[in-house]
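There are 2 protein chains.
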Amino acid sequence: MSEPRAPHEIATVACIGAGVIGGGWAAYFLSRGLAVRAWDPGPGAGDRLRRTVDAAWPALTELGLAPGADPQAITLHPTAAEAVAGADFVQESAPEDLELKRSLLAELAAAAGPGVVVASSTSGFPMSDMAVAAADPSALVVGHPFNPPYLIPLVEVVGGRDSAPWAVDAAAAFYRHIGKSVIEMTRELPGFIANRLQEAIWREALHMVAAGEATPEEIDRSITDGPGLRWPVHGPCLTFHLAGGEGGMAHMLDHFGPSLKAPWTRLDAPELTPGLRDDMVAGAGRSAGGRPMAELVAERDRAVIAVRRAVAAARAAGDRA
Amino acid sequence: MSEPRAPHEIATVACIGAGVIGGGWAAYFLSRGLAVRAWDPGPGAGDRLRRTVDAAWPALTELGLAPGADPQAITLHPTAAEAVAGADFVQESAPEDLELKRSLLAELAAAAGPGVVVASSTSGFPMSDMAVAAADPSALVVGHPFNPPYLIPLVEVVGGRDSAPWAVDAAAAFYRHIGKSVIEMTRELPGFIANRLQEAIWREALHMVAAGEATPEEIDRSITDGPGLRWPVHGPCLTFHLAGGEGGMAHMLDHFGPSLKAPWTRLDAPELTPGLRDDMVAGAGRSAGGRPMAELVAERDRAVIAVRRAVAAARAAGDRA
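Protein sequence lines, in the order shown, are assigned to chains A and B. For reference, each letter of the first sequence is one residue, going 1 to 321 in full-length UniProt numbering. For reference, each letter of the second sequence is one residue, going 1 to 321 in full-length UniProt numbering.
Heads up, some of the hints might be wrong.
The calculated label-pair distances, taken between Cβ atoms and stated as ranges, are [said to hold, decoys possible]:
| # | chain 1 | residue 1 | chain 2 | residue 2 | range |
| --- | --- | --- | --- | --- | --- |
| 1 | B | Arg277 | A | Glu82 | 32 to 40 angstroms |
| 2 | B | Ala66 | A | Ala11 | 38 to 46 angstroms |
| 3 | A | Lys261 | B | Thr75 | 36 to 44 angstroms |
| 4 | A | Ala11 | B | Arg291 | 32 to 40 angstroms |
| 5 | B | Glu271 | A | Gly257 | 30 to 38 angstroms |
Pairs of lysine to any residue residues, derived as SDA-like cross-links and limited to a Cα-Cα distance of at most 25 angstroms, are as follows [to be verified]:
| # | chain 1 | residue 1 | chain 2 | residue 2 |
| --- | --- | --- | --- | --- |
| 6 | A | Lys261 | B | Val132 |
| 7 | A | Lys261 | B | Asp97 |
| 8 | A | Lys261 | B | Pro270 |
Simulated from the structure, these hints should not be mistaken for laboratory data. Yeah, the Cβ is synthetic: ideal placement off N, Cα and C, and Gly gets one too.
One chain only, chain A, in its complex shape:
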């Protein structure tokens, strides 16, 4: 077994692929005071990467840079193997093409030093499917960010069948160390968690446009001026806990349960068994952390007001620019 790098020992990260996601990762790593070694075979990749980092830097500065953070601490290399040489962590953000990921991850696993994790930004491929060409897949894990990786905290971490537990743990520890909100999944699931939820919305939206039921603009406004204002503060489960009023999730499920059978989306609902009902009620209770409903409502109200103002100010700043 390799000795994994401890999070604070990681000083240099290789960014393999420097598009929207890879470039966003590079900007974030730089902002945390790390050095970045990049590779991207696309034409003009170096210029594009520079633009991505420069565009992100004001936001990262506003959020607070780590001591020593330097937007110039980035080098572009002619091969992936050269970019990986000497790196303490590898973040792969190549195009979402399974065959490409398979051969690239095999190459990265071979080039990475002992104890160096190779994390893939894949939006949904299980690592068990991507790792098949690697001679030693033990250091390969999924580290799935959200766009833009320099601002959205979530990273979903999950290993494949042949990933070593140390690699999964080291990836999660590193991401947490640099300020990410990590969900460490114990089983592989296509699309992980957040993309499954986001994809459900997206597919329903595409169906609605295809059927002439709504326009993309109506869909967008229905979210930005509607439930989207609640989701930064309370996720779907806690949101519906509050929708139940003083009776919380239990009342909500008992009251709106029948609408699960209604044709409100093209996705069929699961059977609302007593067991599922109880799991949702217990989960809402844990998410609420024992706080009384009035406190949750007050928190949501403060947050929604602040979010509305924040978005309005961000839009107005653009209008003035």
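Put chain B on the given structure of chain A with help from the hints.
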């Protein structure tokens, strides 16, 4: 044909049903300087309504009250017909039970004065299904809010088969007049727009909990720390326009199109026909309003930073309380 009330002529609103939604509507109407006549047959409804209004008032004050807004300008009445007498607009927020809605809306339509709209807060029933018991269903429309109605701007307005065009237009005009973000739908669709999208997320979440794939807490955090941070500023379509980088929605669909076939959610995707692709690209272009990608990215970044800070401050204020 009745002469509809012009928005500025509406001074008194009847709130039929005073639970979480009806009480939230009442608080909002009061904050806009309107008087409210309420009816709710439940035990303790008066006290509950008072608590709902009092809990919402600090938030409404913070957002800015209309001149003359008075949290005491609300009366509770022993019958629905009495609450509706003299009201210029009726908002029905009874439990989500089709038979109950049918008989109640028939009663409200009969009791309302000429030119007075009766709007239902139903979460998803089409008005054509709810209006069947009314002798004259012309004034019956859907005016679907989001919880809490006093903070979330979106209201979806749509008529049924027998709704009069004047009633649909008058409802939309009134809601806009009092500061709501109105989507006026031209065809009935179960769940309207936003609830179809929200329900798709919710059903996928329930499936995941039922299958042991994720916990409610993981689901909530995957949204609050992930895509939920983007949705108050850019809806699902504009979000994916930005995910395409400089190539926008067109690049995104061409690059991630294959993932529509991946098992990323239990909802089957539509066929991504050239027509649907072009509709999405054109819609993203209209949503972007001709603004270059760099400007959209800068707007999103400003907003996400501000939203993160707003939520953190709202949570910290609770911890201090």
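Here is what the structure says about each hint:
In this structure the supplied range 32 to 40 angstroms holds for Arg277 of chain B paired with Glu82 of chain A, their Cβ-Cβ distance being about 38 angstroms. At about 58 angstroms, the beta-carbon gap between Ala66 of chain B and Ala11 of chain A misses the expected band of 38 to 46 angstroms. Separation of Lys261 of chain A from Thr75 of chain B is about 38 angstroms and conforms to the stated range, judged on CB atoms against 36 to 44 angstroms. Distance hint check: the CB atoms of Ala11 of chain A and Arg291 of chain B are about 39 angstroms apart, consistent with the given range 32 to 40 angstroms.
Range check, Glu271 of chain B to Gly257 of chain A: about 33 angstroms between beta-carbon atoms, so the 30 to 38 angstroms window is met. For the hint pairing Lys261 of chain A with Val132 of chain B, the CA-to-CA distance comes to about 21 angstroms; that is within 25 angstroms, so the pair holds. Our distance criterion of 25 angstroms between C-alpha atoms is met by Lys261 of chain A and Asp97 of chain B, whose separation comes to about 13 angstroms. Taking the CA atoms of Lys261 of chain A and Pro270 of chain B, the gap is about 21 angstroms. The hint holds against a cut of 25 angstroms.
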